[in-house]
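A.B. asks: Listed in order, the protein sequences are those of chains A and B.
At position 419 of the first sequence (counting the first as 1) the number is 419 in this note's numbering, and the numbers step up by one without a gap.
At position 199 of the second sequence (counting the first as 1) the number is 199 in this note's numbering, and the numbers step up by one without a gap.
Hints listed in this document are in silico derivations from the structure and should not be mistaken for laboratory results.
Given the structure is predicted, the values throughout are model-derived calculations rather than measurements.
Misleading hints may appear alongside valid ones.
What the hints assert, rightly or not - Calculated pairs, BS3-like style, for lysine-lysine (alpha carbon to alpha carbon, straight line, at most 30 Å):
#1 K68/A with K174/B
#2 K196/A with K174/B
#3 K283/B with K47/A
#4 K163/B with K47/A
#5 K196/A with K68/A
#6 K174/B with K163/B
#7 K84/A with K68/A
#8 K207/A with K47/A
#9 K61/A with K207/A
#10 K174/B with K233/A
#11 K17/A with K163/B
#12 K329/A with K61/A
#13 K174/B with K90/A
#14 K47/A with K55/B
#15 K17/A with K233/A
As the list claims (entries may be wrong) - Some but not every residue of chain A turned toward chain B, in silico, with C-beta under 7 Å:
#16 A30
#17 D66
#18 N380
We treat Cβ as the ideally placed atom computed from N, Cα and C, and that holds for glycine.
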Amino acid sequence: MFFRLLWESFRRQRRRKALAGIAILLGTTAVTAMLALATTIGDRIHKELAVYGANIVITPKADLLDVKIGGVDIKPSTGGAYLKASDLPKLKAIFWANNITGVSPELPITLNLASGQQLPATGLWFHHNLANGGSSMITGAPPLHPWWKLTGAWPSQPNEAVAGAAAGLHIGDTVQADNTPLRITGLVSTGDATDKRLLLPLETAQKLANLPGAVSRVDVSARTKPEDAFARKDPDTLSPQQHEIWYCRPYANSIAYQIREAIPGAQAEQVRRVEQNEGNVLERISGLMWLISAAALLAAGFAVSAAMATAILERRAEIGLMRSLGASKGAIAFLFYSETGLLAIFAGTIGYLFGSGLAAWLGARIFAGDGAASIGPILNPVLLPVVVALALAVAIAGSTPSIRTSLEMDPSTILRADA
Amino acid sequence: MTHTNARKPQLSFLGMLRRSLTHRRARSFSALVALTVSAAVATALLTLYADLNAKLHKEFRNFGANVVVTASASSPLPPNALAGIQKAAGPDALVAPFAYAVATTDRGTSVVVAGTDFPAVQRLDAWWDLAQWPTAADAALLGDRAANFIADEHDVKLTYAGKPITLVGAGRIKTGGDEDSRIYIPLAALTQWTGVSPTVIEIQIPGGAAAVEAALTRLRAQFPTLQIQPVRQLVEGESRIVDRTHSLMYGSVLLIALTVAVSVLATLSASVLERRRDFALMKALGGSQTQLMALFLLEALVLALAGVVLGYIAGSVAAWAISQANFHTATLPRLSVLPLVLLLNIAIAALAALFPIRVLRGLQPAALLKGE
């Protein structure tokens with residue numbers, strides 16, 4: 001009997017059910033879309049912020065002092081300490097290895113050209129597979145310097161190179177450096193002192209400078225948690241438990257600390273200009289999205305509960321009729337709550353699907369060209385129970401006052417008034 | 001029905017409106033709440049949206065200089081360059097001069113000594129994060145690496161071309177950039193000691209790529225001998241991120257406004273439909289279709305206006321609170337969003353009143369009143 005009542009109610013009152021259903025559907029669509037956007041906004045903005053370059057830089061600990069003005073070395077250091085390129089795969093083995101999104105080692109050298117001139121050059125990775133055990137990633141200088149504008153192609157062979165836009169070379173030229181011919185495959189405009197340099201593969205630079213396996217500096221781009229007071233603490237002064245917590249949070253400082261541990265003789269520091277401000281921007285934008293999602297939640301909650309209240313109020317006559325036919329208050333409340341619950345689950349699930357699709361579409365449109373596929377699947381399974389539970393809670397909360405007032409009214413009054 | 005208005009037996013239109021609004025308070029109240037929510041959401045989102053660009057650009061100011069002016073060796077900066085550049089870049093731009101000299105420390109290591117204006121750098125490079133900015137005329141701020149090559153950090157002894165100087169150490173700076181290998185001292189002290197004058201002026205131009213581009217054009221026209229370069233990654237990054245956040249907000253605002261509008265519409269038209277009996281009764285008593293629609297419409301408009309007044313206040317408070325919580329600066333109420341909010345709310349109310357017209361028109365008053 002109960003199921004028949006439930007079934008008939010859905011079958012016969014299509015307009016009313018549709019109205020309440022649409023309200024729930026729209027509400028859950030908006031909330032799902034906002035939550036889906038808010039949960040991925042951190043990753044998306046982090047990708048955008050990658051344009052500012054590395055946020056951690058690794059240098060040899062026992063280095064000499066740079067004498068650099070405006071990116072130009074006034075007194076190029078001879079000798080000095082180097083890092084070992086063979087140590088770099090260790091970066092993929094630290095605790096926060098998965099948060100490291102880019103690694104770019106460099107080795108500045110000076111080429112002695114056949115013409116007797118000297119040409120400053122930098123050895124870099126262009127498309128390097130950095131692998132350690134199971135995990136590997138393709139990385140190099142271009143992804144860490146997204147503001148570099150290339151005409152032509154990055155070097156793919158050891159005897160190829162690209163020239164800075166102001167180095168006075170052309171694509172197709174061949175530079176004769178210490179008996180090694182280097183073919184220019186592209187021109188790169190960087191907007192800084194690198195414009196006057198030749199960029200060549202790291203291994204070639206090491207061979208030319210007779211520094212096998214040497215790297216003088218490594219830029220690292222890592223996904224980090226914005227710095228707070230705790231992050232600034234010196235880990236060596238913390239208690240063991242506190243140290244553990246500090247170590248297991250992806251602060252730039254903790255990642256730098258782990259890099260120092262992993263690579264002997266390395267000095268890893270956060271680049272404050274990038275790191276501090278990126279953290280701020282990231283925090284502001286995702287904070288804004290969360291607050292707006294909260295506003296959306298509140299507004300959708302209001303709208304849905306108002307729609308549910310109206311839907312129940314319209315059916316007061318039905319309640320009166322059931323009461324006069326001898327149904328108990330509990331049975332009627334149960335019937336109405338069941339209807340509301342079914343509607344909320346059904347419309348909430350559809351709303352979840354719509355909202356996820358909408359978020360994916362919006363995200364792909366706004367952040368076009370960032371490789372939307374890498375953000376994760378379109379459907380976030382964690383959101384489904386959250387959204388449906390919210391829909392249920394809001395719908396039941398919205399219909400409770402109306403159900404209660406209708407049940408407390410005298411059935412004969414209702415029936416007479418609403419005939 | 002007329003006993004409250006004995007002097008005038010025929011109930012006036014406005015009287016009917018008043019009675020209809022106050023008779024069933026609960027229903028009017030829920031409609032008012034719905035319209036207030038829609039106006040409040042629209043006000044809050046539009047206010048935040050209107051202020052978003054300014055707020056975001058302000059965050060990006062912390063990244064420091066986005067234009068660097070460099071004098072070439074052959075033509076040094078003219079003496080009044082700083083004032084001229086400030087004027088050309090605009091009153092909101094932050095400028096800081098830098099002079100560089102290569103000196104030798106007491107341990108015999110070459111080090112770059114930079115002379116600058118500390119108060120200007122403090123504004124320009126907020127990320128330097130010093131506990132105490134140096135104020136003394138002979139203060140020396142030591143880069144974290146450079147400090148390792150100095151014997152006594154409190155009594156910094158440097159030599160430039162045979163001329164020694166002793167400065168008072170004012171702490172260390174650690175940025176992870178070039179600053180770590182340098183020693184910063186006040187510009188006047190450097191000029192007096194080495195005779196070197198500023199060669200670099202760093203500028204922070206607020207407002208994104210277009211503003212920077214305009215300032216670059218002005219600067220290049222006024223100072224043709226100087227090399228004026230934007231810091232490309234900062235300028236491009238700022239515009240990209242601001243644009244994308246802007247579009248994201250735009251999408252969210254539309255989505256939320258639409259959701260709330262449709263839900264409010266559904267609720268309101270349901271409550272109008274609920275009054276079929278009133279409609280039928282009035283029709284039976286001789287009201288024309290137009291008169292009745294006008295009554296319903298006017299009733300909805302009164303509620304919509306009241307909703308806008310309440311919602312504008314609530315929405316402005318919400319925008320202020322969100323902005324305070326997230327950006328730590330207030331967003332003041334904007335009167336400019338009011339017309340749009342008003343339009344939106346009136347459109348919702350009017351649609352809600354007119355939407356059921358098709359249903360109501362087909363009704364037979366007699367049938368309805370009989371209870372069919």
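A.B. asks: Decide, hint by hint, whether the structure agrees.
C.D. replies: Hints versus structure:
1. K68/A with K174/B: Since the Cα atoms of K68/A and K174/B sit roughly 16 Å apart, the hinted pair holds (cutoff 30 Å).
2. K196/A with K174/B: 28 Å, holds
3. K283/B with K47/A: 64 Å, violated
4. K163/B with K47/A: Violated, at about 50 Å.
5. K196/A with K68/A: 15 Å, holds
6. K174/B with K163/B: 28 Å, holds
7. K84/A with K68/A: Roughly 23 Å between the alpha carbons, so the hint for K84/A and K68/A holds.
8. K207/A with K47/A: 34 Å, violated
9. K61/A with K207/A: Within the cut-off at roughly 23 Å; holds.
10. K174/B with K233/A: Roughly 15 Å between the alpha carbons, so the hint for K174/B and K233/A holds.
11. K17/A with K163/B: Distance of about 90 Å is beyond 30 Å: violated.
12. K329/A with K61/A: The hint is violated at about 78 Å.
13. K174/B with K90/A: 26 Å, holds
14. K47/A with K55/B: The hint holds at about 21 Å.
15. K17/A with K233/A: 58 Å, violated
16. A30: 4 Å, holds
17. D66: 4 Å, holds
18. N380: At 17 Å from the nearest chain B Cβ, N380/A fails the 7 Å test, so the hint is violated.
Against the hints set out earlier in the document, violations occur for numbers 3, 4, 8, 11, 12, 15, 18.
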